[in-house]
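Participant: As a plain string of letters, each chain reads:
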Amino acid sequence: MIVSIASGKGGTGKTLVATSLARSLGDKQSLQFADCDVEEPNAHLLLQPTFSQRKVVFILIPRVDEAKCTGCGKCAEVCAYKAIAVVRGKVLVFPELCHGCGACSYFCPEQAISEVGKEIGVVESGNSGKIGFIQGKLNVGELAAPRVIVEVKKHLNQGGLVIIDAPPGTSCPVVEAVKDADFCLLVTEPTSFGLNDLALAVEMTRKLDVPTGVVINRNGIGDHRVEEYCLKEGIPILLRIPLDIEIARLYSRGVTLVDGMPQWKEAFRGLFSKIERIVN
Amino acid sequence: MREIVILSGKGGTGKTTIVASLASLAKSKVMVDSDVDAADLYLLLHPVTEDSHQFWGGKTAVIAKDRCTQCGRCREVCRFDAISERFRVNPVSCEGCAFCYYICPTDAVTMTTALSGHWFTAETGYGPLVYARLGVAEENSGKLVALVREQAGLIAKERGFDYIIGDGPPGIGCPVISSLTGADLAVIVTEPTLSGIHDLERVIEVCQHFTIPVIVCINKYDLNETNCRQIEDYCRRQGIEIASRIPFDNVVIEALAKGLPVVEYSQGRVSYEIKRLWQEIVKNLS
Numbered sequence: 361m362i363v364s365i366a367s368g369k370g371g372t373g374k375t376l377v378a379t380s381l382a383r384s385l386g387d388k389q390s391l392q393f394a395d396c397d398v399e400e401p402n403a404h405l406l407l408q409p410t411f412s413q414r415k416v417v418f419i420l421i422p423r424v425d426e427a428k429c430t431g432c433g434k435c436a437e438v439c440a441y442k443a444i445a446v447v448r449g450k451v452l453v454f455p456e457l458c459h460g461c462g463a464c465s466y467f468c469p470e471q472a473i474s475e476v477g478k479e480i481g482v483v484e485s486g487n488s489g490k491i492g493f494i495q496g497k498l499n500v501g502e503l504a505a506p507r508v509i510v511e512v513k514k515h516l517n518q519g520g521l522v523i524i525d526a527p528p529g530t531s532c533p534v535v536e537a538v539k540d541a542d543f544c545l546l547v548t549e550p551t552s553f554g555l556n557d558l559a560l561a562v563e564m565t566r567k568l569d570v571p572t573g574v575v576i577n578r579n580g581i582g583d584h585r586v587e588e589y590c591l592k593e594g595i596p597i598l599l600r601i602p603l604d605i606e607i608a609r610l611y612s613r614g615v616t617l618v619d620g621m622p623q624w625k626e627a628f629r630g631l632f633s634k635i636e637r638i639v640n
Numbered sequence: 019m020r021e022i023v024i025l026s027g028k029g030g031t032g033k034t035t036i037v038a039s040l041a042s043l044a045k046s047k048v049m050v051d052s053d054v055d056a057a058d059l060y061l062l063l064h065p066v067t068e069d070s071h072q073f074w075g076g077k078t079a080v081i082a083k084d085r086c087t088q089c090g091r092c093r094e095v096c097r098f099d100a101i102s103e104r105f106r107v108n109p110v111s112c113e114g115c116a117f118c119y120y121i122c123p124t125d126a127v128t129m130t131t132a133l134s135g136h137w138f139t140a141e142t143g144y145g146p147l148v149y150a151r152l153g154v155a156e157e158n159s160g161k162l163v164a165l166v167r168e169q170a171g172l173i174a175k176e177r178g179f180d181y182i183i184g185d186g187p188p189g190i191g192c193p194v195i196s197s198l199t200g201a202d203l204a205v206i207v208t209e210p211t212l213s214g215i216h217d218l219e220r221v222i223e224v225c226q227h228f229t230i231p232v233i234v235c236i237n238k239y240d241l242n243e244t245n246c247r248q249i250e251d252y253c254r255r256q257g258i259e260i261a262s263r264i265p266f267d268n269v270v271i272e273a274l275a276k277g278l279p280v281v282e283y284s285q286g287r288v289s290y291e292i293k294r295l296w297q298e299i300v301k302n303l304s
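Chains C and Y supply the protein sequences, listed in that same order. First residue of the first sequence? That's 361 in the numbering used here, and the numbers climb one at a time after it. First residue of the second sequence? That's 19 in the numbering used here, and the numbers climb one at a time after it.
Honestly, the hints are just simulated from the structure, not real lab data. There could be a bad hint or two in this list.
[Stated by the list, open to error] Mimicking PhoX-like on lysine-lysine, the simulated pairs with C-alpha atoms at most 25 Å apart in a straight line are:
#1 Y:LYS161 / C:LYS478
#2 Y:LYS161 / C:LYS442
#3 C:LYS625 / C:LYS388
#4 Y:LYS77 / C:LYS567
#5 C:LYS388 / C:LYS442
#6 C:LYS539 / C:LYS567
#7 C:LYS634 / C:LYS388
#8 C:LYS539 / Y:LYS77
#9 Y:LYS77 / Y:LYS175
#10 Y:LYS293 / Y:LYS45
#11 C:LYS567 / Y:LYS276
#12 C:LYS442 / Y:LYS175
#13 Y:LYS276 / Y:LYS301
#14 Y:LYS161 / C:LYS567
#15 Y:LYS175 / Y:LYS161
#16 C:LYS567 / C:LYS415
#17 C:LYS434 / Y:LYS77
#18 Y:LYS276 / C:LYS592
#19 C:LYS539 / Y:LYS161
[What the hints assert, rightly or not] A partial selection of chain C residues facing chain Y, derived with a Cβ cut-off under 7 Å:
#20 GLU399
#21 GLU437
#22 VAL438
#23 PHE454
#24 HIS459
#25 MET564
#26 GLY580
#27 GLY582
#28 TYR589
#29 PRO602
Beta carbons: idealized from backbone N, C-alpha and C, even for Gly.
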């Protein structure tokens, strides 16, 4: 079973919930934790894994053999991203625009275009206690976060329990981290920002047809509109974590909620039982 | 005209709260919300009037069943795993490269453009605001960010404003890069948590990669003073100014509940520090 933890709005407590859920279950059953927030992966700060493997992520970009190129312009014609242009018979490649689809190389009538790997990130894997830990990291200056997430997902065991820490937002990187999940847990806070972004995230999970439940973090900070929204939309609220400066301080030091306050373990195990009941 | 973008790396450090206050403090400016995934700034600036515009994003392949012979060429060449065994295109996976369109021997594939979102030009009590809403599960957030910035630039030029102030998205990828290239100053709002520090360093590297000058604001600085010192040491080594240190204070939440920029709600330390931040921004740009 794959459980993705997402949020719409950033900083609502995705990583806090994901790491505490993993720690609460990890000593009882085998599970994998995948940090798919590849732009800003943070779960390692809390779970302190030891990495044993490192795999570089490449995309293929075109390299033009000028000796063979006749400057016909076919490559530029088929490129949907304007990543390749022919100016006065000379081919220019813009690697940052390239999606690596391979069309230019395939359609070149002179076989003048080969494809070479360009490093865009890395996938690291190892262990945090009994938890299998995998994280993706996008290189600085690179755009293609979803591509790194795809590589992270290749490390997941079929059929096992997987907890995915998703990136914020509702567009392509989040979709990549949520689309194959059996359940998506949305972490929100009861403020107008939290509500606005929760509604967008719910719309996304519905479009992807992934069952959803909500965790309200910093409960007590604002008003009841998130609760009312969930009631109206028929989305179960599975856990409430109160606004507590001590919880914020634990997080600031990189301590998971259940390690800092072990009394929370039962609540997270209860959260997981509820998810299991919804999925099965 | 100078352009400022507020970033954070990590989400939820207080970007939008601070940007709303800058909207109140800066006089001659246009505001732009570059977080098109989850645009929240309008919730605090309360648009009075609003024009809505359509955003047509990238293309998606569609396979016509009656022409398809199921030869499988499209599935062979697609690198995005977007075509199912039953020859249906998954629009979420399709990146619109059109390889299948070119390769199909029976011309069964067409490339269609989808309505991917909307963007808005609004008038608010704080001046004009440009923002957008990307359709959920859509691509091309970078393109839409570039579009709202461009529109904000046009408004600033037309009306002779001094500043464009942008509320950036979290992260360091495509929409972040799109929100900051060519800006005059990046203000990074961080918090003294280990995650905050980790993400601050990565977003600073992105700014340095694109040679954008950076100043830093530490929000909730008293949450963890040891981490706060670590941020200060890091910034000192990098030669980056810490422009303000905002304390943890419930007035921020109270102001949000009232739908007000915090500088209009309270005259305490938080407001003092945000005003100082604005003075430092102006100083850095003059």
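Participant: What's the verdict on LYS567 of chain C and LYS276 of chain Y, does the C-alpha distance respect the 25 Å limit or exceed it?
Facilitator: 33 Å, violated
Participant: Is the hint on PRO602 of chain C kept, meaning its closest Cβ partner in chain Y is under 7 Å away?
Facilitator: 14 Å, violated
Participant: Per the CB criterion, is GLU437 of chain C less than 7 Å away from chain Y?
Facilitator: Hint on GLU437 of chain C: violated, closest Cβ of chain Y at ~9 Å, above 7 Å.
Participant: Can you confirm whether the C-alpha distance between LYS77 of chain Y and LYS567 of chain C stays at or below 25 Å?
Facilitator: The given pair, whose Cα atoms are some 19 Å apart, holds under the 25 Å limit.
Participant: Is LYS276 of chain Y within 25 Å of LYS301 of chain Y, Cα to Cα?
Facilitator: Violated, at roughly 31 Å.
Participant: Under the criterion that the straight-line Cα-Cα distance not exceed 25 Å, is the pair LYS634 of chain C, LYS388 of chain C satisfied?
Facilitator: 17 Å, holds
Participant: Is the Cα-Cα distance between LYS625 of chain C and LYS388 of chain C 25 Å or less?
Facilitator: Between LYS625 of chain C and LYS388 of chain C the Cα gap is close to 12 Å, so the pair holds against 25 Å.
Participant: Between LYS161 of chain Y and LYS478 of chain C, is the straight-line Cα distance small enough, at 25 Å or below?
Facilitator: Roughly 23 Å separates the two Cα atoms, so the pair holds.
Participant: Regarding the hint that PHE454 of chain C lies at the interface with chain Y, is the smallest CB-CB distance below 7 Å?
Facilitator: 14 Å, violated
Participant: Would the hint on GLU399 of chain C be counted as holding, given a Cβ-Cβ threshold of 7 Å to chain Y?
Facilitator: 4 Å, holds
Participant: Given the proposed pairing of LYS442 of chain C with LYS175 of chain Y, does the C-alpha separation stay at or below 25 Å?
Facilitator: Not OK: LYS442 of chain C and LYS175 of chain Y at ~29 Å, beyond 25 Å, violated.
Participant: When you check the alpha-carbon spacing of LYS567 of chain C and LYS415 of chain C, does it fall within 25 Å?
Facilitator: Violated, at roughly 32 Å.
Comparing the model with each earlier hint shows violations of hints 5, 9, 11, 12, 13, 16, 21, 23, 26, 28 and 29; every other hint is respected.
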